[in-house]
Every structure is written in C-alpha cells, then in structure tokens.
Amino acid sequence: MNNVVPLFVALPLGAAFIIPLLGHWWKKSGEVFATAVSAVLAVMAILQIGAPAVVHHMGGWAPPVGIAVVSDGLSVLLLIAINVVGFLCVLFSLRYMTAYTGLPKYYGLFMLMVAGMNGVVVSGDLFNLFVFLEIASIASYALVAFGVDADELEAGFKYLILGSVASVMILFAVGTLYAVTGSLNMADVAREIATKFGGGRPNPAVLLAAGFFLMGFGLKAALVPFHAWLPDAHPSAPAPISAMLSGVVIKSLGIYAICRVFFNVFAVASGGPSAVIIANGMIAFAILSIVIGGLLAVGQWDLKRLLAYSSIGQIGYVMLGIGVGARVLATGGVRSVAALAILGGLFHLINHAAFKSLLFLSSGAIQHSTGTRNMKVLGGIKERMPVTGMTTNLAALSIAGVPPFSGFWSKLIILVAVVKAGHPAIAGIAIAMAFVTLVYYIKLQREVIFGEARGPVMDAREAPALMTVPLVILAVVCVGFGLLYPVIGDRILEPARDVLLNGAEYVKLVLG
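At position 107 of the sequence shown (counting the first as 1) the number is 107 in our numbering, and the numbers step up by one without a gap.
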C-alpha cells in the first residue's frame, strides 16, 4: 500500500504526456490511454476502502525535510469520488467528444486535471498542494474553453482570471505560514502553530494566512461571493468537463483543501479564538451560497446554467455541515454533535459528486440528441430518450432531497446537527432553501422530462450506449447511497469524519 499511493499521481501524469506525443501518429491514443488509466485508477481507489492510513516518504527522506504523500480516510473518500467520476466521464467522452477536433489534446488535459486533483488529495506538503492545485486548475481552464467558440473562450478567460486570483491568495497564505513556522510540511506547520500560538489570543499572521486560505479555496469551491466564474464555465464547457467541474473539481480543490488545512493544520478542533473566527467564516459563506445559489437557479431556462447555480447552493450545504462541526469543536460543545455535522457534510459531498455528475452528463446526452439546452423548447424526453429521462429524474429527486434517495439523508443529517448545535434560525434557512431546490427541480422535470414531446425532441433518439452506461451507473449510486447508508457510513464516511474530528492525530500520523 505504501508504494501504491504515488501511482494516483504518476499514472495520469504519465498518460497526460504520452497521449499528445502519440496523438500525431495514432489518433485513438487519447481514447485508449485515458480509458485504460482512468479504469485502473478507479479500481485502485475502490480498493483503498478499509485500508490503513499510509505515509509515503518520497525518495526515502522523512518529513519535515522530505516530501510526504499521505493517504488517510479523508483522502480515500476524495480519491474514490475523483477517479470513479473521472472514469465514467471518460467513457461518456468516447462518443460525446467525436464532434470536436484535437481529441489527443482533450484527453491529455483530462488526465492532467485528474493528476492534479489526486495530487492535491494525497499531498502532505503545503507548497506541493499548491503546485498540484495549479496543475488541475490550468488543465480545467483549457478544457472549459476547449470548443474555442467566443462564449467558450470568454468563460475560460474569466475562469482563468478569477482562478489566478485564488492561486495568488493561496500562495500568499503558504508564504505567510512558512515565514511564521519555517516549514511547509502540513503536520510540521500544525505542530509549530500549536507550540507557538496555541491557547493564546489570535496571532495576526496566522489569521491572515487563514483568511487568504479561506478566500482562495472558497473561490476554487465556487462559494458565494467567490462564485462568479461557475455559471459561465458550465454552459461553455463540454458536458463531461461540466460533470468533472461540479462533481469533483470544486470539491477537491476547494472543500477538501479547506477541510485539510483548517482541521489538520490550523487545528480548529482544538478550540481557541482563532478557531471560532474561522468556523464562523465557514458558516457565513455556507449560508450565502445556499440562499443565493438556490434563488438564482429558480429563474434559469438554460439547463446547464440552472445546474451550475444549483451546484453553488448544494456546495453551501456541504460547507454548512463542515462549518457547524468546526464551530462546535472550537467552542467546546458536544463532540457527538460535531461528529454528526461533519458526517452530514461529507455525506452530502459524496452524494453531490454522484447526482450532479449524473445531471450534467444527462444534460450532455440531451443536448447531443436534441441540439439544445433551452428548457423552453424541450419536453417529453422520457418518451424519446427513456433511459436518459429516467436517470435525470432519479438525480433530480435525489438532489431535491426526496426520500429514500441519498440527498434526503445527507441533508437531514446536516439539519439535525445544526439544530442540535443551537442554530435553529440557520436550520430554518436551510430547510426553506431545500424547498426552493425542490421547486426548480420540479420545473426541470415538468419542462424537460415529462409532458408531450415537442420541438427538437420530436426527432431525438436515445444517446449511444457509451453515453447511457455512465448515466445508469451513477443513477444506481444515487439510489444505493440512500438505501445502503450503513455500509457506506462504516467503510467510507466515518474514517473520513474521524480525520477531521481528531485533527491533531494527523501530526502523529505523519511525524510519528
């Protein structure tokens, strides 16, 4: 296991360089290598379930001097989401992307994006986390603009500019912590912060770094008010890239990084004034995202733009669970309440990876068959495209929080935890916005799935098998996560929750 973890970066990174080189002579090199490598990565990620935490010393140099690659419960959760969704998006791309040129470049960039996300998830070093974050970000900028039409280039440029602002903030934060602690290894930085500043009043430099991290990673996660790039990026990007952006990119580069840095480096679980300030910031961004993302989604008629605003609102629920858990721990509240809140946030994270990837892939299948995303001229998809209609309906029911689908249980856990933590007003806002979510997904079902076939839907046919198989798999996941929660909770979610709940244990794991 010790030698397997670096392969999550090495395999896709190698494929990203090989595919464009071979693409000059072998046009199918991208499809073959991307499918094979993503399938291997998905299997490797699933096999990590139940495995003990691993710390790999690159080159045999022990941290804090050497570079450490770390795989624990939180890493495994994200590795599963990234690589399983990545494999299904590659399968979908095999037919969907045939209308595009330069496919070796597409698959090379796709593998580069996967390598960057995997690197962020397993990195034990702040600077290497930043480097891998930039690798994934740069690849995603190019993929958003891959069609090179005016709208696509504009969206890609906007994403590039705002993403660069986020990167500068994160780099400033890394530099500030290095100046304060003299180290870049996350476990060593956590130990230095606890030794020098633990228990006293907030240190200005540490709080400055925390603020930069929260804004930088918040922009990568598309939390309000840092969300402006997402609604333009999704309609412009190819459907598989939209699925990756919403399904795993904003989670690995944003939410995961927030969790890892604030729980394992800044140790918000240990309490103190700084921890309370950080937790309050998380909750504030979460509420803004839930409310603004949900309200803006209601008025959308472009299917992918509606899903983009929905992603902003749903990522707010994830952040709400994490933030409330952090605040309970920081204020010395009941530990079981914090555990419930964090578990709910992580459960909604993995649920959202499944049902939002499914919705974006379904929107791609609909556009592939009808030539439009305009909900005003769609309707009756279930008659002409029964498989796509069924999977879209299942995803809509799940994300809207209808029992017994997975989205209902994760939202319920978050809301119960928020009430138990003593925030009934926040819970009321979250419940109200859950009904708003139900409203705009009922609109999606009414305008797109049900009713009589009309307009461009009249001549539509079911998407090819390579596009419908990923839809069916993700639909099964949406149903299975709801019905098999006890199995998923024990094997995947609780180990990830414990990494955050016992944040100080990370130092012992890495440094011994």
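Wrong hints could be hidden among the right ones.
[Unchecked claim] Pairwise CB distance ranges (calculated):
#1 Ala284 - Met458: 45 to 51 Å
#2 Met458 - Val334: 24 to 30 Å
#3 Phe435 - Arg335: 27 to 33 Å
[What the hints assert, rightly or not] With a cut-off of at most 25 Å between alpha-carbon atoms, the simulated DSS-like pairs for lysine-lysine come out as follows:
#4 Lys105 - Lys158
#5 Lys443 - Lys382
#6 Lys508 - Lys443
#7 Lys376 - Lys420
Please keep in mind that the hints were generated in silico from the structure rather than gathered at the bench. All C-beta atoms in this analysis are idealised placements derived from N, C-alpha and C, irrespective of residue type, glycine included.
We went through each hint and held it up to the structure:
1. Ala284 - Met458: 45 to 51 Å: Given about 48 Å between the Cβ atoms, the range holds.
2. Met458 - Val334: 24 to 30 Å: Roughly 58 Å apart at Cβ, these two residues miss the hinted range, so it is violated.
3. Phe435 - Arg335: 27 to 33 Å: holds (31 Å)
4. Lys105 - Lys158: holds (21 Å)
5. Lys443 - Lys382: holds (15 Å)
6. Lys508 - Lys443: Measuring from Cα to Cα gives roughly 51 Å; hence the hint is violated.
7. Lys376 - Lys420: Cα-Cα ~43 Å, so violated.
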